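Student: Sequence:
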Amino acid sequence: MALVTLITDLGTRDYYAAAIKGAIISHCEAVVPVVDVTHHVKPFDIREAAYTLRNSYKYFPKGTIHVIHVNSSDAEGRMLLAKMDGHYFLTFDNGILSLAFGANPKETYEVNSEVVGGHSLLFEEAIGTVINFLLTEYKPTDFAHLTTTARSYRLLQPMVNPTNIRGTIVYVDNYGNAISNIPEKMFLEFTKGKRYSVMVNVGSVKQLSNTYSDVDEGDILCLINTSGFLEIAINKGKAANLLGLKEDSAIIVTLD
6 MALVTLITDL GTRDYYAAAI KGAIISHCEA VVPVVDVTHH VKPFDIREAA YTLRNSYKYF
66 PKGTIHVIHV NSSDAEGRML LAKMDGHYFL TFDNGILSLA FGANPKETYE VNSEVVGGHS
126 LLFEEAIGTV INFLLTEYKP TDFAHLTTTA RSYRLLQPMV NPTNIRGTIV YVDNYGNAIS
186 NIPEKMFLEF TKGKRYSVMV NVGSVKQLSN TYSDVDEGDI LCLINTSGFL EIAINKGKAA
246 NLLGLKEDSA IIVTLD
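Okay, so the sequence shown: first residue is 6 according to our numbering, each after it adds one.
Do not rely on the hints blindly, as some may be mistaken.
Here are the simulated lysine-lysine pairs, DSS-like style, with alpha carbons at most 27 Å apart [as the list claims (entries may be wrong)]:
#1 LYS199 - LYS144
#2 LYS47 - LYS199
#3 LYS241 - LYS251
#4 LYS211 - LYS144
#5 LYS111 - LYS67
#6 LYS211 - LYS197
#7 LYS144 - LYS63
#8 LYS63 - LYS26
#9 LYS88 - LYS111
#10 LYS144 - LYS26
#11 LYS243 - LYS144
#12 LYS63 - LYS47
#13 LYS63 - LYS88
#14 LYS251 - LYS190
#15 LYS88 - LYS144
#16 LYS243 - LYS211
#17 LYS211 - LYS241
#18 LYS197 - LYS47
#19 LYS47 - LYS251
#20 LYS144 - LYS190
#21 LYS63 - LYS211
#22 LYS199 - LYS211
#23 LYS88 - LYS67
FYI, nobody ran anything at the bench for these hints, they're computed from the structure.
Because the structure is a prediction, the values reported are computed rather than measured.
From just these sequences and the hints, can you work out the full model?
Tutor: Here it is, written out as structure tokens:
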């Protein structure tokens, strides 16, 4: 049985997320489970949405349809459907796909205008229609056309030289942990067999931890998180608040 997941910036206080769920249920001929990944992406924040998508979709079975409804107003009415790794991704032409996967997937389609219809910012009817098409074995080319003009952005990459790595914080999670854009391979190759310091704002760490509890409560630590990136945390504390970190804050790894 196919699943549908939802990643949105619509929140749960208003009716918006419920309207999309209702449209999906109403348009689908078969019962389809709808899984809420999150409705609390910061409003219009496509980078946060891309991070959430990149790190969540792989845990769902192939054939899952992932709806990413964030900053729809920037899409100018263009709805995209992409297929990659056996998953479908239904979203808007605002750059989310390129941020999530490093580039727009080769199979990226623009949904035909007669399906998208009017100018509703929710696009709930179009979302329900496309999902029903996919569940009833329509091919994407039956209601969409391949596009090479989808909006594309690139995430800022860390800079490496012989003495340091300069990266940025790209995401702050619910626990206040600050995730950087420095990947595990880069960090381990740079620091292998050497003494180093990881510096962020007013904090610094000189060794890599395996778990949050490797240090005393309230102490700062760094580790490679489950997504494979260098993370700054405080054991049972909010690193972002206590260290003054936010998205785009600098993180520097230097050799001692």
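Student: Which numbered hints does this structure break?
Tutor: Result: hints 1, 2, 4, 11, 18, 20 and 21 break, sorted rising.
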